[in-house]
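Read top to bottom, the protein sequences are chains A and B.
Numbering-wise (my numbering), the first sequence opens with residue 1 and increments by one.
Numbering-wise (my numbering), the second sequence opens with residue 1 and increments by one.
If you're looking for bench data, these hints aren't it; they were derived computationally from the structure.
Hints may contain errors.
DMTMM-like, lysine to aspartate or glutamate: derived pairs with alpha carbons at most 25 angstroms apart [said to hold, decoys possible]:
no. : chain 1 : residue 1 : chain 2 : residue 2
1   : B       : LYS18     : A       : ASP226
2   : B       : LYS15     : A       : GLU261
3   : B       : LYS43     : B       : GLU73
4   : B       : LYS109    : B       : GLU91
5   : B       : LYS41     : A       : GLU51
6   : B       : LYS18     : A       : GLU151
7   : B       : LYS109    : B       : GLU22
8   : A       : LYS71     : B       : GLU63
9   : A       : LYS198    : B       : GLU63
10  : A       : LYS219    : A       : GLU169
11  : B       : LYS15     : B       : ASP108
12  : A       : LYS130    : A       : GLU151
13  : A       : LYS247    : B       : GLU91
Computed from a predicted model, the values in this text were never measured in an experiment.
Given next are the chains, with one letter for each unit.
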Amino acid sequence: MFSHFFGHYLLENKHITADQLREVLALQDSVRVKIGILAIDAGYMTAEQVETAHRLQTTFDMRFGEIAIGKGYLTEDQLTDLLSRQSKRHLLVSQALADKGIMSFEDIERVLAAYRRDSGFSDAEYEALKENDMDAVAASLARMPELGDPEVYADYFALFTRNLVRFIEPGIVIRRAEKVVATPFGHLVHQEMDGRFKIFTGFSGSGPAMAEFAARYAKMPMDGFDDLARDALGEFMNVQNGLFLSKLSNDWVELELLPPECQSDGIIRAVGVAYAIPFSLPFGEFTFFIGLGSPIFN
Amino acid sequence: MARILVVDDSALSRKSLKEILEHAGHEIVGEAGDGQDALEKYKSLKPDLVTMDITMPRVSGIEGLKSIVAADEEARVVMISALGQGAKILEALQNGARHYLTKPFEADKVLDAVAEVLAA
Numbered sequence: 001m002f003s004h005f006f007g008h009y010l011l012e013n014k015h016i017t018a019d020q021l022r023e024v025l026a027l028q029d030s031v032r033v034k035i036g037i038l039a040i041d042a043g044y045m046t047a048e049q050v051e052t053a054h055r056l057q058t059t060f061d062m063r064f065g066e067i068a069i070g071k072g073y074l075t076e077d078q079l080t081d082l083l084s085r086q087s088k089r090h091l092l093v094s095q096a097l098a099d100k101g102i103m104s105f106e107d108i109e110r111v112l113a114a115y116r117r118d119s120g121f122s123d124a125e126y127e128a129l130k131e132n133d134m135d136a137v138a139a140s141l142a143r144m145p146e147l148g149d150p151e152v153y154a155d156y157f158a159l160f161t162r163n164l165v166r167f168i169e170p171g172i173v174i175r176r177a178e179k180v181v182a183t184p185f186g187h188l189v190h191q192e193m194d195g196r197f198k199i200f201t202g203f204s205g206s207g208p209a210m211a212e213f214a215a216r217y218a219k220m221p222m223d224g225f226d227d228l229a230r231d232a233l234g235e236f237m238n239v240q241n242g243l244f245l246s247k248l249s250n251d252w253v254e255l256e257l258l259p260p261e262c263q264s265d266g267i268i269r270a271v272g273v274a275y276a277i278p279f280s281l282p283f284g285e286f287t288f289f290i291g292l293g294s295p296i297f298n
Numbered sequence: 001m002a003r004i005l006v007v008d009d010s011a012l013s014r015k016s017l018k019e020i021l022e023h024a025g026h027e028i029v030g031e032a033g034d035g036q037d038a039l040e041k042y043k044s045l046k047p048d049l050v051t052m053d054i055t056m057p058r059v060s061g062i063e064g065l066k067s068i069v070a071a072d073e074e075a076r077v078v079m080i081s082a083l084g085q086g087a088k089i090l091e092a093l094q095n096g097a098r099h100y101l102t103k104p105f106e107a108d109k110v111l112d113a114v115a116e117v118l119a120a
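With these hints in hand, go ahead and build the complete structure from the sequences.
Now the structure itself:
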């Protein structure tokens, strides 16, 4: 995660080219290993157990390690061992930059300091980023103070980012939340949850980016942003919002899920308060939306 | 093996259910995209069992269930819902649904629910 955030900063500030960033990320991706693979490699889990744990993540919002321990596949000590093998991963991007001769060690040191300053992260948030603590980073960037219960909405966004990592792509870069006044979109998938109050959520992107998102979720090729792709994105919203509503119903809040919808080439305006959170995946730029009430499109 | 009508507005979900059910030897006699379409196909196809998504545009799954049960009180309908829709599932069961499943589908659970409803 750190490498994607830092890599994006390097690109935006023209320290490296897009080709160089791709090269660096590919190099560090080649050694990026998920816990499941590490567990198989260590002989702690079978491939079938890893598959089962991954499948259960579609119905329970739990980390891979929590599920594996709950099912008796891993012990606490084994998980600690696997997590320690994953640590220090934030150093890989610097190593890749140096190995490829793109930047000197002095340059890396200087730009890292600049990134830390420019990102606006507190010490704790920066440490969280280095430790790949996506929940802490998402909560920090998804501050939406004008929504009635900001923690609930920050939790929603943290769940969204966990689902992106689980089902779509781990290389996410998130930017800070901003209030929606009138935000244009290419293609938007959205869903409302209605009951004691109404919440609107969704995300937008270009046609090719949304089609690739859909293909990764459905695990099948898509011929562009067609009906099948729209269905897949709608199913992603159903899973995301279903997991969210399951948690909410534990607090005795029952909201009805309305059918997901798609819109193209419009402008979104909030009726109540709404926020947009831009995020990048390696295959495109997206904007996440969340707000109270129903939005207006024109 | 049963003749089954699959009702869901998502072609992707219909495809997924079809694959699970056909692989187990069931016959998919028809597909519908909302509650109204489901009632019409139920009357003409007379399936042994219906899988009915709750969240659909136009005529919802709950409305579709009610109209099918009104037309045939012996109708065997298995409701499909996203997670976190406890109140809607309860409403469906109170209105004649025989079982329910949550998305995303797990093949074993789908086939167990269908077998249980057919055996009752």
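Item to check | Earlier hints that do not hold, by number | outcome: As far as the earlier hints go, 5, 6 and 8 are violated by this structure, in ascending order.
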